[in-house]
Amino acid sequence: MNTQPHNRATPAVPPDEPVHTPSLLARMLDSDLWHSFVRSPVTVVSAVVALLYVLAALCAPLISPQNPFDPATLDLMEAFTPPLQANAFSGRTFWLGTDAQGRDIFSAILYGSRVSLLVGVAAVSFAALLGIGLGLMSGYLGGWVDALIMRIADIQLSFPAILIALLIFGVFKGIVPPELQDRVALYVLIVAIGLSDWVQYARTVRSSTMAEKNKEYVQAARVIGVPAPLILLRHILPNVMGPVLVIATIGLALAIILESTLSFLGVGVPPTQPSLGTLIRVGQDFLFSGEWWIVLFPGLALLILALSVNLLGDWLRDALNPKLR
Amino acid sequence: MTKSRLAGALALAGTLAFASLAHANTLRWSSAGDSLTMDPHAQNEGPTHVLSHQVYDTLVFRDQEMQLVPRLATEWRLTEDPTVWEFKLRQGVKFHDGSPFNADDVVFSIQRAKHENADMKGLLTTVVEVSKVDDYTVRMRTDGPNPLLPNNLTNLFMMDREWAEANKVTVPQNYKAGEETFAVRNANGTGPFRLVSREPDVRTELVRNEAYWGKGLFPLEVSRIIHTPIKSAATRAAALLSGEIDFLLDPPVQDLERLNNARGIVVRSAPENRTIFFGMQQSLPELRTSNVKGRNPFADKRVRQAMNIAINRDAIHRVVMRGQSVPAGIVMAPFVDGYSKDIDQVPRPDVARAKALLAEAGYPDGFGVTLSCTNDRYINDEAICQAVTGMLGQIGIRVRLDARSRSIHFAELPRGELDFYLLGWGVPTMDSHYVFHYLFETKSDKGGSWNATGYSNAEVDRMIDAMTREVDAAKRSAMVQQVWQTLQDEVVYLPVHHQMLNWAMKDNIDFPVQSENYPYFMLLKYRK
Amino acid sequence: MLAVILRRLLQSILVMLAVALVSFGLFRYIGDPIHNMVGQEATLAEREQLREHLGLNDAVPVQFARFVGNALRGEFGISYRMARPVADVIRERLPATLELALISGSAALLAGIALGVYTALRRDGWLSHAIMSASLIGVSLPTFLIGILLIYVFAVELKVLPAFGRSETVQLGWWNTGLLTASGLKSLILPAITLGLYQLTLIMRLVRAEMLEVLRTDYIKFARARGLSDRSIHFRHALKNTLLPVITIAGLQIGSIIAFAIITETVFQWPGVGLLFITAVQFVDIPVMAAYLVLIALIFVVINLIVDLLYFAVDPRLRVRRTGRGT
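Protein chains in written order, with numbering that gives the first Met the number 0: chain A, 0 to 324; chain B, 0 to 527; chain C, 0 to 326.
One thing to keep in mind: the hints can contain errors.
Claimed, not checked - Short derived list, chain A residues pointing at chain C, Cβ under 10 Å:
id : residue
1  : Ser35
2  : Val37
3  : Pro40
4  : Val43
5  : Val44
6  : Val48
7  : Leu51
8  : Ile161
9  : Leu166
10 : Gly265
11 : Val266
12 : Pro269
13 : Leu304
14 : Asp313
Quick caveat, the hints were computed from the structure, so don't treat them as lab data.
The beta carbon of each residue, even a glycine, is placed where N, CA and C say it ideally should be.
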């Protein structure tokens, strides 16, 4: 992975120059990134899809016809209604049909994506913060701190994320009393996924930091007594945001897939609050009985979400690293 | 040595193609779970007995019409002393290793099953002494007259004393302590099939016992059995549809239609001797998982009544079970002595009245509680619990669902650690007393071991005890009815339904469903 | 050179000790080992006796030393759920996972290299674009969905391949192989595809990127200028230079394939260590979890070690630089 600094302008900007928002927007619209963005129709489409997804998930309580997480709103007699057909008992019609408990699939997908996105974004943020923090420390301080962090990173890197997440879950089931498990499952999921994915950030940030800290402007700042945290934040961090963004975008897709996989394996969120993976796990049982919509739509939703995020990540990587184009 | 082993293996691989021809009647079958242990006395559990019944024999068993028929015992009678039963044993029977079967083995096996490690001891609590009269006659003395003792012996398997002594397994495996003994992985029974190889949870292979005493009595058409447990419902159905297995003990209800319509596959069904219900802890001053503090909502009968009419059993029957159940109003299957349609009245769902009852009991806004369910034991158990979670939600009871595996659930339940739980109950003795004794009697060393409701009624306990000694059938029957009346009135449990059994198989197999869900493969026939 | 090997070895031992510590922590502190062994009914005295017997009253470092000693002899105690020695269970299940991992790994490697080379050489061909787009879908499709889809199409609708398990297997010593029977091989196809698809896309993209990079280098341009044939340039020079990093990554991926097998084994009921592990997580069967962790770590460390040493042997430049590999 490329770890060169991209934002070559930063060192020239004096620390206290006021930033004008319009000029920032204008600059953004004029940037290489924007041009390469509008030139790629696939990217535009996936950005729109991803954006719609986020919006729909955020507004799920407003637009979904039903709250699928509240069992009291479900009517068992409405279960297994095919898409766009009226239910034999209530006469109600559901766009994407209903599942085995009478849950409206459309609502379930909206709420499920909410869980998936929430877990994904939170886990990626957690991993990124942890990784950036450790990477900065490692690169700036060097010495035994660096050696320690990088050894831990090495060890961790030899274990795939899924294994780490499962282990954390196993430990969690062993120590948290069952009545609390539902309430904290979501946080455990976030931490489990986040902890399994910080190494990439740390490594990238560390190498950039090491390259940057010996440059003259940093040396100069140090000489005039600018405290280390400020140097790290002001001067070094902006230079590594490009690659971090790429890692984060691809990481988001991975986190969403990992979350659904964990739910599929039955160690994720409780079945009364299904995420996309849970919906697929349950729906799988009805694949052969003709109720295809229970598994198909959540599966498609997951695919589209992961694909659009992946496409964005792919584009971002190519755009920021022209060598690969 | 390794070389010759390798050569042997290759030769074996070469002959496999022919092997499948030679074993024309190989039966490959599947079910969701596997037997927990080969030690026939360590666990009293359905899937474990299914395997034991192939390898070991019992004294008596229930055939496909649920009749009690001879197996290793040819006849049995109550002696002049009403506390002593006498069993005549079959002669000329040999264990798989060739040693003869006789009265010593029966005495040994019964005593072994009474050991404190044995889970089967619960069926032998009344037996105080077992003795050999001659090589083929055994007597059992009970602590009082027990007219129904043979009913308790249908899952009590006979082991070889010499084999057990030689392999140091005279004491049953202590399953709870995680003990591993020779008998857990090896078996020497008199049964219709011999154990060839076993990988728990993966594959168990049996071959026909060519020296079986039952030749001529039973069809014995299957020559080799391969059992592969498959956890996932969809995969299980797929395996039968694609022809990888011949027989499926527990096809998913949602796939029955497709299986039935598939060419070459038939589904046979029969009502099962098992009722599914919910239990509520009603004796503690306060529930462990509820937001209500200082009092126990389940202790109030009106709350239990409200819950009873909040459950829409017809909807569960139609949607969750797809018709494969009989909605129930009592926790006893229609097979059992003491059952009548009159006391099995299914409550009509009435949300408004349920809400009124809750308000009357002082819970106008409902309350919260945790429901513990299995997710791998009964047909659609988790889905039933989810559905009930919704139905109770409609009257304001906020249920948090905890679905887990049978091994965890069945460890916690008898310890009384659950507030609100799902349970299914079958009655191998075909008598109401078994239900009373396990589910309603006050929990103590003597009985009530599966009564986790805390229900305790001295009068009921007295009658449960008295009926074991009542020899007059009419009087006994009246006592049974009286106990049921009391219990039904108290709403101790919330019955959901009696399960229906479905066995799916290739259509060249003729194998009626046995209502205890025990496939006796020696009875399986192929259509010509 | 010797110093490098020694340092690598030392590092590997440290890693294994760290993993053993985590594993020991699981074993010792998660879930009460006593409770799980004697259940609710045991008296206090019985519990204390068992604690003493199991050495749970010794100092923690002593317990850890004993744990490592036992682990070295392959002893991880008794599985709570199966009541059998964990080592036995793992030995029975390991062949299934290793066979699946090796077959799907090598298939993914071969196909990945072939497709990667193709898409690099025909950069703008429509087929290359199609393959690249398909690869992104492949990455975005969770493994379990692929498995379900394959079962539905090939086992249920077309009825040509088995939907679960290993079918007939043959015992070679303690190794239980499915590679010697026709049905065993047939059962391997769907799980191997499911497991290998992700690795395939990964390797393909890597080969393509490396290949494009190499094709831009001066010596390739020089080779072209010398008038060498395309075929010779592509395969004799470019591909050869591409393969080194690819083999490295592929080697490292074997470990992650074994871990990813958890999902595939769940979908296909494949009786390997992955299925064992996921059941252990669901049942909080700590001895099995601890043993699996150590086992996977061992596989990773050994592969890492081999790859690193090979790298040092093959590429002289690396002998100068301090750190071995990047991402």
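Taking the closest Cβ pair, is A:Pro269 under 10 Å from chain C?
Where the cut-off is 10 Å and the nearest Cβ of chain C is about 14 Å from A:Pro269, the hint is violated.
Proposed interface contact between A:Asp313 and chain C, which counts if any beta carbon pair is under 10 Å:
holds (7 Å)
Minimum Cβ distance from A:Val44 to chain C below 10 Å?
Because about 13 Å separates A:Val44 from the closest Cβ in chain C, which is outside the 10 Å limit, the hint is violated.
So, A:Gly265 near chain C? Judge it on the closest CB pair being under 10 Å.
holds (7 Å)
Closest C-beta approach of A:Ser35 to chain C relative to 10 Å, hint status
Since the shortest Cβ distance to chain C is 17 Å, the answer is violated.
A closest beta-carbon separation below 10 Å is what the hint needs, so does A:Ile161 meet it against chain C?
Status holds, d = 6 Å.
Proposed interface contact between A:Val266 and chain C, which counts if any beta carbon pair is under 10 Å
Holds, because the Cβ-Cβ distance from A:Val266 to chain C comes to roughly 6 Å (cut-off 10 Å).
Does the CB of A:Val37 sit less than 10 Å away from some CB of chain C?
violated (20 Å)
Under the criterion of a CB-CB separation shorter than 10 Å, is A:Leu304 in contact with chain C as hinted?
holds (8 Å)
Let's test the interface hint: is any C-beta of chain C closer than 10 Å to that of A:Leu51?
It is violated, given that the least Cβ distance between A:Leu51 and chain C is near 17 Å, above 10 Å.
Given hint A:Pro40 near chain C, where the shortest CB pair must fall under 10 Å
violated (13 Å)
Hint check: 10 Å Cβ-Cβ cutoff, A:Leu166 to chain C
holds (7 Å)
When each numbered hint is compared with the structure, violations occur for hints 1, 2, 3, 4, 5, 6, 7, 12.
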